[in-house]
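Residue numbers (this note's numbering), protein chains in the order written: chain A, 1 to 212; chain B, 1 to 212.
I should point out that these hints are in silico values taken from the structure, not numbers from a laboratory. None of the values given here were measured: they were computed from a predicted structure. Misleading hints may appear alongside valid ones.
Stated by the list, open to error - Ranges of calculated distance between the beta carbons of each label pair, as one might list FRET restraints:
id	chain 1	residue 1	chain 2	residue 2	range
1	A	Ser167	B	Gln50	49 to 55 Å
2	B	Val139	A	Ile8	52 to 58 Å
3	A	Thr37	B	Ala60	29 to 35 Å
4	A	Leu114	B	Leu77	44 to 50 Å
5	A	Ala185	B	Leu77	42 to 48 Å
6	A	Leu61	B	Tyr121	42 to 48 Å
7	B	Glu136	A	Ala189	35 to 41 Å
8	A	Ala22	B	Leu68	35 to 41 Å
9	A	Pro43	B	Ser177	49 to 55 Å
10	B	Val106	A	Leu114	31 to 37 Å
11	A	Ala185	B	Met110	20 to 26 Å
12	A	Phe175	B	Leu68	34 to 40 Å
Even for Gly, the Cβ is constructed at its ideal location relative to N, Cα and C.
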Amino acid sequence: MEHLPADIVACLDCDLLQRLPALPPGGTARCARCGMTLASAKPGSLERTMALSAAAMVAFLFANAEPLMGVSAAGRTSSTTILGGVQAMWLQGERVAAVLVALFVVVAPALDILFMLAILLASRRPPAPRWVGALLRWSEHSGAWSMVGVMLLGILVSLVKIASLASVRPGIGIFAVGALVFLLAGMSASFDPREIWSRVRWADGKRPETGR
Amino acid sequence: MTRVPGTGAGAGVIPCGACGLLSRPAGPEGPWSCPRCGEAIAFRRRDPVQRTWALIAAAAVCYLPANLLPVMTTRTLASVEPNTILGGVIHLYGTGSWVLALIVLVASVMIPLGKLAALAYLLVTVQLRSNRRRRERAVLYRMLKAVGRWSMLDVFVATFVVALVQLRPFMSVVPGSGVLFFTAVVLLTIFAAESFDPRLIWDSGGEPGGER
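For reference, chain A alone in the conformation it holds in the complex (with noise of 0.2 Å):
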């Protein structure tokens, strides 16, 4: 199998082969056609990436023990966490939406998080073991199902909804999840894949780390 130039990409959005010029610090290439990012240079990616995952882990396993908030009505009082939400919907009858909201908001973010801990971990001695290519490759699928940023936005709207027929209290977990939401930002946008692709094992087994 011939070898192509190193610095030769296919855009993946419109297949326009171009030459990825040596970037800058900070500095982002987009395509020559159709403007999509191909790459970004993140100085010390691989540490900021580290310690808001991290960060990210704590928030997340608060965002799920505490509850969300309170409510109290006639002299009763009632709460609720993420997962008490999925427990009612999967008792009220509607089970394939209670599944389908566990996914989004507690699986999804936690393999997110758990893969790229794994993933850095292992790779700070190059060559990375070519299982860290599988669990990257898994965790750009498993990142795009996580869905926390929008359930913020649904306890804001449901604790609104539930102001007009009761007291309503926040709870620590309402915080959380908002603190969730910007480290998993952080997250995703600190992190340079191809600082990782780099450094791991070829899948077909010939070629083990090239270079850099």
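For chain A, the structure is supplied; the task is to place chain B on it using the hints.
What follows is chain B alone, placed relative to chain A:
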């Protein structure tokens, strides 16, 4: 598929959708996989036009019951009141939070409809082999992929309202079957956007990098 010169397909190379590596397919017949990360690779997605049309049609079918059936039903000692999505928007507007009413309206009604219309427009222009406004269409595709998840908003609202308002026998809220159809619309439109191939926008020829 036309092989436009200057593109990956024209040169017989495929960029990996996961790690970006440009490689030459290993044999004359697919399926091929990326030599670095093992992801399945192809010159274009499989039957993008037919699949996307089918998913849009399915989403449009689910859109009606999603809006006509109640997403939540409020039971009090005196009354049973079903609420559709639009009913919820009107209620939010009536209780004075027009900003939230607007957010829910945009997320639940306008984003799904806009996504269906935009995907239909992209498909028709691709099928007509139009070479006008390509860059704008490429941006439109990226936008509709980014906003899709926000239409899950009302499902999250229902989840937390149902979990909290369980003050039986005075007042309780149960989810309605609108939730199921609404989730179906969101999933189907996300899958529809994923099954479309934005490279088709540019496949009708013309100078790569030249006219738009």
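Hints, one by one, checked against the model:
1. A:Ser167 to B:Gln50: 49 to 55 Å: holds (54 Å)
2. B:Val139 to A:Ile8: 52 to 58 Å: With Cβ atoms ~24 Å apart, the hint is violated.
3. A:Thr37 to B:Ala60: 29 to 35 Å: holds (32 Å)
4. A:Leu114 to B:Leu77: 44 to 50 Å: Given range 44 to 50 Å: holds, Cβ gap about 47 Å.
5. A:Ala185 to B:Leu77: 42 to 48 Å: holds (45 Å)
6. A:Leu61 to B:Tyr121: 42 to 48 Å: Holds, at about 44 Å.
7. B:Glu136 to A:Ala189: 35 to 41 Å: violated (26 Å)
8. A:Ala22 to B:Leu68: 35 to 41 Å: violated (57 Å)
9. A:Pro43 to B:Ser177: 49 to 55 Å: Cβ of A:Pro43 to Cβ of B:Ser177: about 51 Å, so the range 49 to 55 Å holds.
10. B:Val106 to A:Leu114: 31 to 37 Å: holds (33 Å)
11. A:Ala185 to B:Met110: 20 to 26 Å: The hinted range 20 to 26 Å holds for A:Ala185 and B:Met110, with Cβ atoms some 24 Å apart.
12. A:Phe175 to B:Leu68: 34 to 40 Å: Holds, at about 37 Å.
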